[in-house]
Amino acid sequence: MTLNEAMPLAVLASSLLPGLIIFLLPEAWIGRRTVLNLSGAVAKLVLVGVLLVGVQGGVDYGFGYAVLPGLDLLFKVDALGLLFMGLSASLWLLTTLYAIGYLEGAPQRSRFFGFFSLCVTATMGIAMAGNLFTFFIFYELLTLSTFPLVVHRGNDKAMNGGTVYLAYTLAGGALLLIGIIWLHQLLGHGDFAHAGIVTDLDPTYDGQLKIIFLLLIVGVGVKAAIVPLHGWLPQAMVAPAPVSALLHAVAVVKAGAFGVIRIVYEIYGIEFAHTLHLLTPLAMAAAVTIIWGSLRALFQDDLKKRLAYSTVSQVSYIVLGVALFGPVGTVGGLVHLVHQGIMKITLFFCAGNYAETLGIHKVSEMNGVGRRMPLTTLAFGVAALGMMGVPLTAGAISKGWLIEGARAADMNWAIWVLWTSSLLNAAYFLPILWRAGFRQTAPPWPAEQLARHGWRETAWLLLLPPLVTAAATLAVGILATSEFSPLAWAQFIARNEYRLVVP
Amino acid sequence: MTDPLVWLILLPLTWASLAFPSGPGRGAWLAIAALGVQLMLVLLLVVDVTESGILVRAVGGWGAPLGIDLAADGLSVAMLLLTQVIALPLAIYARSYFSATAPEGKYFWPLCGFLLAGLNGLYLSADLFNLYVTLELVGLAAVGLVAAGGGARQIAAALRYLFAMLLGSGAYLLAVALIYAAYGTVSMKTLAPLITAEAPVVIWLAGGLMLAGLMLKTALFPFHFWLPPAHGGASAPVSALLSALVVKASFYLLLRLWLGPFAGLTAGAGLLGWLPATLGALAILWGSCQAIRAQRIKMLIAYSTVAQLGYLFLIFPLLTGEAALRAGIMQAFAHGLAKAAMFMTAGVLIKATGQDRVDSLAGAAQQLPLTMFAFGLAGVTLTGLPPSAGFLAKWQLIEAAMAQGAWIIAVVVLVGGLLAAGYVFRVLRQGFLLVPATSADTSVFHPLPRTLEWMALLLAAASVLLGLRGVELMELVSLGGAV
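Protein chains in written order, with our numbering: chain Z, 22 to 524; chain D, 1000 to 1482.
In case anyone wonders, no lab produced these hints; they're calculated from the structure. Treat the hints with care, since some could be wrong.
What the hints assert, rightly or not - Residues of chain Z placed beyond 12 Å of chain D at every Cβ, according to the derived structure:
| hint | residue |
| --- | --- |
| 1 | 26 |
| 2 | 121 |
| 3 | 298 |
| 4 | 402 |
| 5 | 431 |
| 6 | 436 |
| 7 | 503 |
| 8 | 522 |
Stated by the list, open to error - One-sided and incomplete, this derived list gives chain D residues near chain Z with beta-carbon spacing under 7 Å:
| hint | residue |
| --- | --- |
| 9 | 1384 |
| 10 | 1386 |
| 11 | 1391 |
| 12 | 1397 |
| 13 | 1398 |
| 14 | 1401 |
| 15 | 1413 |
| 16 | 1420 |
| 17 | 1428 |
| 18 | 1431 |
| 19 | 1433 |
| 20 | 1469 |
| 21 | 1470 |
| 22 | 1473 |
These numbers come from a predicted model, not from an experiment. We put the CB at the ideal spot given by N, CA and C, even for glycine.
Same shape as in the complex, but just chain Z:
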């Protein structure tokens, strides 16, 4: 095995092995567990960095072997996969730090961190999957490894949330499986290729291909929380904050959105999907999701629920970008995969801080919280403004490209959808900021658990991650035109892999 073949396996191993060892560690070995966790996360980040440089230089990283006669487990590292891997690996490190602080003194931490590592392993597998079979294996592994995290609290409410989550994802998985095997039946394989693989089929199969497309998109759409398949996401809010971060930014909904991209571009091919008239319905579904999610978010008093509906809405920006037939929309969708992750994880970190420090779970309890927790509220504010698309933030870049993309594709209604969504975003985020910043405090807080230490309003492990991601929200917005921004990478993907002419 050459080094280039070993790299994808090393990426998987850097979280799989620590995860498996952590399962066996006694609860009390906090130090050793932390070292394992962090060294795994750092190792993965370094490996992904090496891959980034390599792929930019045109190196091929891949590994595969036969699981069944004629059916391969295949890993391939390409620029699109790396976009997702880079996001997940960086946010995993931060989320691990945050989780260590968040769960201090909580029971069952070995189990938690074990499944946490498995979850990231599954995400990496999804990103590196070279065919639909491999994609499906890791897609389902992600479902399985997140279930124990969702029900981690072990009370009835957590169990119900977990059951709903499983019901949705397993049913979606079954449809996805049928679609994948059907495609295998027609083609004999399901390997991703940048121009799509179904193009050569006889036109008589067009009807079948449309049904398969529906099956595949519904299958991944459950995780991407496309309306009406989104019901599990608000229910899964019972999970601890680091898990919500994982669900909303690092792994689960992203895996769904990533699946949509792979299916549209690398199974069907964007041109062929367009000729089959598949893109307009997809764009419509995304538009409905964007508006519906924002509308529902307006009426949630529970902070995490409001954020959850906001995720429903924001993730479909990615889908919308994919469905806009044209290079500009593509770049907008791709870059939003990263930008949404950074902004949403900040919001969830902050929500977790409010809950852990002061016991605040509801928007109506947030009056004056900005004075008690200025740094957290600052980070929250930056991310919330980013979500609205205020200039100089990450959100402005994605929205700008998406709107341009809609214009270029002559889909003016999509522009209206995006503007409406921005207004709705402002309508549900600005009141929070106003309460936090300008309303008078009415102490006592619901349940103050962590006292202030000088400038440190809460435990430093809780404070650091949201500040870093808030800074990143600004950085990727301000430095978007630089060579190493997510935007530059998204353009690289569109140009090099999908052979699109990007302005």
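Given chain Z, work out where chain D should sit, using these hints.
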């Protein structure tokens, strides 16, 4: 003298016989050592068959038609492999499970030895009559193991089991007699070209009797009535042995007859395969629903066996292609490994809590994490989620079904998977429930030997890991044409 074919039958007979004089509950170490040797022998056999195709041995130098022939091809070696791979960890588990004085472990070792000798003999037999003898040996040893529990419930279950077994093998024996009367031979190889679609009615009758008898023995719906009490009532190692291995033997036999001597009949009657498949589909639905409703954990697992056996019968209408056979064997492996592991974890949970109700499992994930993890892995295989052998089985089954336009089978497989998730996660959900330590209704967890937990985990992990590399097994199955 070092022929693995012969020793695979002789060795278990030897240790079973030696276990009798050494006294009740003894013979464990000898059995474990011998099972290790048996595993090596099977691996040798795998190499032999891979190199030279079908192996045939005339026992004692007297070949058929006067003496007895033993034969091994890819299919039989695969089943032998499954048997020994499960039997060895199971024996280590059973040694820790049965305390020296436990009445239910008194006759475990000799009966287990005879059972394994019967199974190995069955997979190696080349004629219909020897198959009958080994089938009967397996059945009687299995009934003995269930009855060894000694309680009124176990005896009742064992009697019911005995009647089902005798009825099944009686029907089979009658069929063998009819065939012998018609053709004057019982060798499968000689019969294969003789039995054609124009065969006389009596041969159709014989085939029908064999089909019915073997479906009864494999507990295919609606002949499953004997299975849940027998498998759910026996002690954990016995349940594991019965659910993982014994029911597979009659399935194997049915498959072998279907593809071998009766190929002429079955190929001509295309619709015939839909009879077992329809019953299999009903078994999946009925068994899963009963498992979802079951109150006792072992009954839940036993009904899951009823459901999982259904998948094995879904392959019959698709057997014109090789893909279906592969799917069937993969499912036999997946279910064998996972079900053995699951009954073993049930044994641990019941011993630890002293109860066998699903409701009493709250807190198990905290107290017995290893066991719950093993249960979860086995559950993943039974649900057919990737990566696991169960997933590969379902993938191949759905693919084979779609290739032949049998959409209904693909749908049944998927619905069955979702139902399986229903009963597996019912247990997991209960296990993950966090119960305050002071609560009065918390089960008290007794400490247990770790061997019990690790052996269950070993088999459960094997059922999952096979899902990452099934190509060798599938190539083995295709070796030597299934006769």
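Next item on the list: Would you check whether the claim that residue 402/Z is not at the interface survives, using Cβ distances to chain D and the 12 Å cut-off?
Entry: At roughly 36 Å from the nearest Cβ of chain D, residue 402/Z sits farther out than 12 Å, so the non-interface label holds.
Margin query: Checking hints one by one. Is residue 1470/D an interface residue toward chain Z, by the C-beta closer than 7 Å rule?
Written below: holds, 5 Å
Check: Does residue 1413/D meet its interface restraint, that is, does its C-beta lie within less than 7 Å of any C-beta in chain Z?
Finding: Hint holds; residue 1413/D Cβ to chain Z Cβ min 5 Å, cut 7 Å.
Note to self: Checking a non-interface call: every C-beta of chain D should be farther than 12 Å from the C-beta of residue 503/Z. Is that right?
What the structure shows: The assertion about residue 503/Z holds, with a minimum of 40 Å to chain D.
Note to self: Does residue 431/Z clear chain D by more than 12 Å, comparing its Cβ with all Cβ atoms of that chain?
What the structure shows: Nearest chain D Cβ is 39 Å from residue 431/Z, so the label holds.
Notebook entry, point to check: Taking the closest pair, is the beta carbon of residue 436/Z still more than 12 Å from chain D?
Noted result: holds, 40 Å
Next item on the list: Grab the minimum C-beta distance from residue 1473/D to chain Z and call the hint holds if it beats 7 Å, violated otherwise.
Entry: Where the cut-off is 7 Å and the nearest Cβ of chain Z is about 6 Å from residue 1473/D, the hint holds.
Note to self: For residue 26/Z, is the shortest CB-to-CB distance to chain D above 12 Å, so the non-interface label stands?
What the structure shows: holds, 17 Å
Note to self: According to the definition I'm using, a residue is off the interface if its beta carbon is farther than 12 Å from all beta carbons of the partner; does residue 522/Z meet that for chain D?
What the structure shows: It holds; residue 522/Z is separated from chain D by about 39 Å at its closest Cβ, greater than 12 Å.
Next item on the list: Classify the hint on residue 1420/D as holds or violated, based on whether any CB of chain Z lies nearer than 7 Å to its CB.
Entry: holds, 5 Å
Notebook entry, point to check: Does residue 1397/D pass the interface hint, meaning its C-beta sits closer than 7 Å to a C-beta of chain Z?
Noted result: holds, 5 Å
Note to self: Quick check on the hint: residue 1433/D CB to chain Z CB, less than 7 Å?
What the structure shows: Where the cut-off is 7 Å and the nearest Cβ of chain Z is about 3 Å from residue 1433/D, the hint holds.
No hint from the list above goes unmet by this structure.
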